[in-house]
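I would like the entire structure built from these sequences, with the hints used as guidance.
Protein chains in written order, with the working numbering: chain A, 190 to 415; chain B, -18 to 210.
The hints are simulated quantities; they were obtained by calculation from the structure and are not laboratory data.
Where is the CB? At the ideal position from N, CA and C, for every residue including glycine.
One should not assume that every hint holds.
[Claimed, not checked] Quick look at which bits of chain A chain B covers, simulated, 3 or more residues with Cβ under 8 Å:
| # | region |
| --- | --- |
| 1 | 307 to 320 |
| 2 | 388 to 402 |
[To be verified] As a list, the in silico DSSO-like pairs of lysine-lysine whose alpha-carbon atoms are at most 30 Å apart:
| # | chain 1 | residue 1 | chain 2 | residue 2 |
| --- | --- | --- | --- | --- |
| 3 | A | K259 | B | K195 |
| 4 | A | K250 | B | K195 |
| 5 | A | K250 | B | K79 |
| 6 | A | K250 | A | K346 |
| 7 | A | K259 | A | K303 |
| 8 | A | K244 | B | K195 |
[Claimed, not checked] Using C-beta positions, here's what the derived DEER-type ranges look like:
| # | chain 1 | residue 1 | chain 2 | residue 2 | range |
| --- | --- | --- | --- | --- | --- |
| 9 | B | T123 | A | A231 | 33 to 43 Å |
| 10 | B | T103 | A | M353 | 54 to 64 Å |
| 11 | B | V168 | A | F243 | 52 to 62 Å |
Here's the letter readout for the chains.
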Amino acid sequence: MDLASLGGNLLGTIPLGDIVLYLTPFHLFMFVVVLIFTVLIAMSRTETQVEASFKTLNDNKVSVGLEEFKIRRFLAIVCGLATAGAMITGDLFNFTLFATLIGIVNLGIVSAVKQIDVLDAAYNYGLIAMICSLPLFGGAAIILASTGTLSLFEIAKIATTAPMMTFGALLLLIGIAGETGTAPFFATKAEMFRTPGSPFILIIHLSSLMVIIRAIEIILIIIKVI
Amino acid sequence: MLVPDFVPAITASFFIPAIYAAIIVAFIGLMGIAIERRDIHILILTDIVGLAMLIIVAAVGTDLAEALILPGLVVELAEILAISEILISREMRRIESKNGDNNVKTSVFPLPLTLDMEVMTTAPNFIALVMLGFGAFLTGFTGGAVAGGGILLYILSRKSRGLPIAIIDGVSGISGIAWCLWIIGFVLFFLAPEFWLLSLFMAACGLVLKVASKIGLIGTLMREEYKRE
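Listed below in structure tokens is the structure:
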């Protein structure tokens, strides 16, 4: 599909050498939404989880210390900025880099919970993220090899889809799904809503949601089936 | 059609075999991960899959692909460091909870670490000085790695001879400022291409300071755990 039918009217381009950023209402909307969420998360405080204890009337409060709170807030802000960058970028290579940055930062946010089971889940997520850097970078490299450019603005001008472009786009989708830890790869992430220090955990869900939407747009730009 | 004329045909024909080689390497790595049961071995085998990623990117062989290789390598290293930290933290917690007593803190290195090598006592200062000078001459990423290795050798040798080490707390600050210099040089490439020599030197000198101080930082961190009996 062309750029206008995917993201609305082309508002303009920002040429920086061979990296050409292009702005559409779709990108600007997603960019602003992610920035607003990042600001909200940066201002918020961690919630204290209250566990009812068995056979007594006491409550067990699980709270987060100041040191851990600061580290988590920093990681959440970095994750939000990386997501915002992935929304606005017009370069496939920068998009893959933002996706891997989101993956590493998500790993840090998950592993900041110092419980053995959560660390076990974070370890498995890290393995998946590392394995999925193969389809992610491999897909970008194959698209580069078959089109000669990584700029989405240039790829959108190419009239036909070569088979290797389709293959590269599918690899890219697998890589994004694994790097952001969506369902088939990291099902534990859905259980992560209710760990101590919740608002910072939310950014990993928001980032994977937004990045998957942007990845589908990029794949529709590369594969011209519709 | 996309390959320029001056590229020999044999170079261009290596692309498909390289892709197949990468897929075979990744398949071997994934088979190993599926068979192996110990966590640390799985982590090491995962690195093989990362190497297959580097093979695919290197198969393209243009300057844009070269720009993809370095971040790919850095991402692999960062992820393997993060995962091994998680693994260490998990195992330490597991041992602590098995002991039952929370007051007993487990160390990162459970075994005493001694380095009794001849190079530590013969002429470490001279070797470190040569490495620093050669690193400053090289500049860039390679030079930073060589100079940082010199700093590391110097700190380790002083520690192994039992001499006091001057602790510089601002090393990480130097690293950060040097990195800013690198980024400014890089942005200047895009905005004002006529100042390419200035931006090249800013990027190269920023990078040599950054990498050298980073590796030197590893040396200063090592002094905590090193030679503990």
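Here is what the structure says about each hint:
1. As drawn, the region 307 to 320 of chain A meets chain B at 9 residues by the rule of a beta-carbon pair under 8 Å; at three or more, the given contact holds.
2. Under a criterion of three residues with beta carbons nearer than 8 Å to beta carbons of chain B, the stated coverage of the region 388 to 402 of chain A fails, only 0 such residues being counted.
3. A threshold of 30 Å between alpha carbons decides the hint, and for A:K259 with B:K195 the separation of about 23 Å falls inside it, so the pair holds.
4. For the proposed pair A:K250 and B:K195, the alpha carbon gap of about 40 Å is over 30 Å, so the pair is violated.
5. Of the supplied pair hints, the one linking A:K250 and B:K79 holds, its CA atoms being roughly 23 Å apart against a limit of 30 Å.
6. Simply put, A:K250 and A:K346 have alpha-carbon atoms about 58 Å apart, too far for the 30 Å limit, and the pair is violated.
7. Note on A:K259 and A:K303: the hinted pairing holds, with a Cα-Cα distance of about 15 Å set against a maximum of 30 Å.
8. For a cut-off of 30 Å, the pair hint linking A:K244 to B:K195 is broken: about 53 Å separates their Cα positions.
9. Range check, B:T123 to A:A231: about 38 Å between beta-carbon atoms, so the 33 to 43 Å window is met.
10. One distance hint, 54 to 64 Å for the beta-carbon pair B:T103 and A:M353, holds here, with the actual separation near 56 Å.
11. The given range of 52 to 62 Å is respected by B:V168 and A:F243, whose C-beta atoms sit roughly 59 Å from each other.
Hint compliance for this structure: hints 2, 4, 6 and 8 are not met, and every other hint is.
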